[in-house]
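Based on these hints, arrange chain W on the given structure of chain L.
2 protein chains.
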Amino acid sequence: MTAEIKKVAVVGTGVIGNGWITRFLAKGYDVIATDPAEGAEERMHKAVEQSWPYVEELGLAEGASKERLTFTDNLEEAVKEADFIQENVPEVEDLKQKVLQDIDRHSKPDALIGSSTSGIMPSELQAHFENPERFVVAHPFHPVYILPLVEVVPGKSTTKENTDRAKAFFEGLNMKALIVRNEIEGHIADRLIEALWRESLHIVNEGIATTEEVDQAFIYGAGMRYAQYGPFLTFHLAGGEGGMRHMLKQFGPALKKPWTKLVAPELSDELYDKVVSGCEHQSGDMSMSDLDKNRNEFLVRLMDLVQEYWPEDQSKKKETTEV
Amino acid sequence: MTAEIKKVAVVGTGVIGNGWITRFLAKGYDVIATDPAEGAEERMHKAVEQSWPYVEELGLAEGASKERLTFTDNLEEAVKEADFIQENVPEVEDLKQKVLQDIDRHSKPDALIGSSTSGIMPSELQAHFENPERFVVAHPFHPVYILPLVEVVPGKSTTKENTDRAKAFFEGLNMKALIVRNEIEGHIADRLIEALWRESLHIVNEGIATTEEVDQAFIYGAGMRYAQYGPFLTFHLAGGEGGMRHMLKQFGPALKKPWTKLVAPELSDELYDKVVSGCEHQSGDMSMSDLDKNRNEFLVRLMDLVQEYWPEDQSKKKETTEV
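Keeping their order, the protein sequence lines are chains L and W. Residue 125 in my numbering sits at position 125 of the first sequence; the count goes up by one each step and never skips. Residue 316 in my numbering sits at position 316 of the second sequence; the count goes up by one each step and never skips.
Isolated chain L, as found in the complex (with noise of 0.2 Å):
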């Protein structure tokens, strides 16, 4: 038996940090902070003010608030009573294990621990636990109290149960929880974000183009469809009625060309297989002009938002404004 999740503690309170104590908060529960840096508790407060507005927007649980929130320098003070802890420390392998065996150490065995880590392996993170089971990678999306994406990775000590607990837990605030079934370095976001990060320096680096244009490059065609749709479904539906099978023939070729600093793999009857079947397989009961109308309708929607919060709109009103 495991007890409900009613405290939850936060170890560490950079950006990620504060954003899942404004997520915690939110959701009406007590929330109690640590992080050892000068100054932490202030900027904590802060974030969580100027954050306040958007979860209010979004809505508030029953007895949210931000008075539900305390503060302490000490990490064992923070975790002992807690049920569910949050680990958000910086990036490094080292500081991450030292931090994360103290939690394990000093909170209560069957609490549930979960770390931000961008691309740090659980099972490395828990092998030194002396509870590892109920410890999890829980990787959410800045900015945390709004994005829904949580990444959840079970290490090779984890049980079931707590993966389940976890992703219960955070399907309860809200998330969309995925559960990442395999264990890989950067595990499942990241490693899109970082081949798009790493193409996108390589073109600064050579003189191609500013960030600026990059970005813009991305943004008005690509990106605004990746709000909607995944790489996936977005080539599914670039394909006409052919769907996948289609784009695939149309630029499986492109594969073999340097379109990107990034080789890609045999595009095998095996891969084939799995893409197309895959893409089939989550358009679910849409059929292929149920999805097209879907996308449509929803960027037509977007177009009207975008363009009141595109940075680059806003400069020229502010032009316009002032002329």
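The hints are simulated quantities; they were obtained by calculation from the structure and are not laboratory data. Each hint should be verified, as a subset may be incorrect.
Pairs count within a copy or across copies, as identical chains cannot be separated in the list.
Claimed, not checked - Calculated cross-link-like contacts (lysine-lysine; reagent style DSS-like; alpha-carbon spacing at most 30 Å): (1) K66 - K293; (2) K46 - K7; (3) K257 - K167; (4) K257 - K274; (5) K257 - K160; (6) K46 - K176; (7) K176 - K293; (8) K46 - K293; (9) K7 - K98; (10) K293 - K256; (11) K80 - K293.
Okay, now just chain W, sitting in the frame of chain L:
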């Protein structure tokens, strides 16, 4: 002196060609289209019919009408009186070369010619033109009648005047015309999309995750952000008050780690400066906290919107209704 653009021709009426047709018609142009495929005319009219409600919603120009579209199976006939010609035949270099040379030969010598090629360089495509100075790559994004980006890439023989004319024409179509100053295979946007695509294929190929899991890992976190800010400004913002300077300190070392199959460039002082000053430049007169506020307000409104259109949530809605 070059004439004003009044008549537009579209060569190749697949998904992209038909998308262009709808966008041209919505802006009030006369459009003549050609495609040698059996049934192309009928498919074209059906495609325009289906996309029309969306351009109506985005706003039609005065006089815009679907009736102003004609079709011929004769390429010469299609292009001979056009002021602007957009080519969209399949992505096969020999075929594109041949069709573009036909267009060059049969069109008015000062008609602008654009190619929708995803990745072939304009200098190669215009190499055997009689009048190469009026040719640009004009690479749009699907669905062309909604998404605003067009990458305009001049070749070695393209004049600046014609590049500027093309830019002005596309901006007149309410598009974001990004001049790509350096030719590379895949231009800019497709290099980024292709890096993401190849990394996604590696993940599926190695059995790490399904296409659906990859899509979910991307959409619900990073994907939502990319509708507003690109790879650079996103990281600039993730750095808190320190912006990109802090991010490169925190995640620079990750460039050496196997977080993607793509090897990163060396983070030299020069690259560091380009990236930091680039982000600062593109922020314009918006402070870090302006950018942050702008992002949060956008994302809160986007959360409302996406939940109506994510396919997964739609399936859930259906289930709920059915139960």
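We went through each hint and held it up to the structure:
1. Taking identical chains as interchangeable, the C-alpha atoms of K66 and K293 lie at most 30 Å apart only when they sit on different chains, with a minimum of 20 Å there against 42 Å within one chain.
2. For the homomeric pair K46 and K7, the shortest alpha-carbon distance inside one copy (22 Å) is at most 30 Å, but the shortest distance between copies (58 Å) is not.
3. For the identical chains of this complex, K257 and K167 are inter-copy neighbours only, at 28 Å across copies versus 41 Å inside a copy, given an alpha-carbon limit of 30 Å.
4. Both within a single protomer and between protomers do K257 and K274 lie at most 30 Å apart by alpha-carbon distance, with minima of 22 Å and 28 Å respectively.
5. For the homomeric pair K257 and K160, the shortest alpha-carbon distance between copies (29 Å) is at most 30 Å, but the shortest distance inside one copy (43 Å) is not.
6. Taking the shortest alpha-carbon separations for K46 and K176, only the intra-copy value of 27 Å comes in at or below 30 Å, while the best inter-copy value is 38 Å.
7. Taking the closest pair of Cα atoms, K176 and K293 come within 30 Å of each other both inside a single copy (24 Å) and across two copies (24 Å).
8. Taking the closest pair of Cα atoms, K46 and K293 come within 30 Å of each other only across two copies (14 Å); inside a single copy the shortest separation is 43 Å, beyond that limit.
9. In this homomeric assembly, K7 and K98 come within 30 Å of each other (Cα to Cα) only inside a single copy, at 23 Å, whereas the closest approach across copies is 69 Å.
10. In the homo-oligomer, the alpha carbons of K293 and K256 never lie at most 30 Å apart, since the shortest distance is 33 Å inside one protomer and 42 Å across protomers.
11. When the C-alpha separation of K80 and K293 is checked against a cutoff of 30 Å, the pair qualifies neither within a copy, at 52 Å, nor between copies, at 36 Å.
Of the numbered hints given earlier, the model fails hints 10, 11; all others are met.
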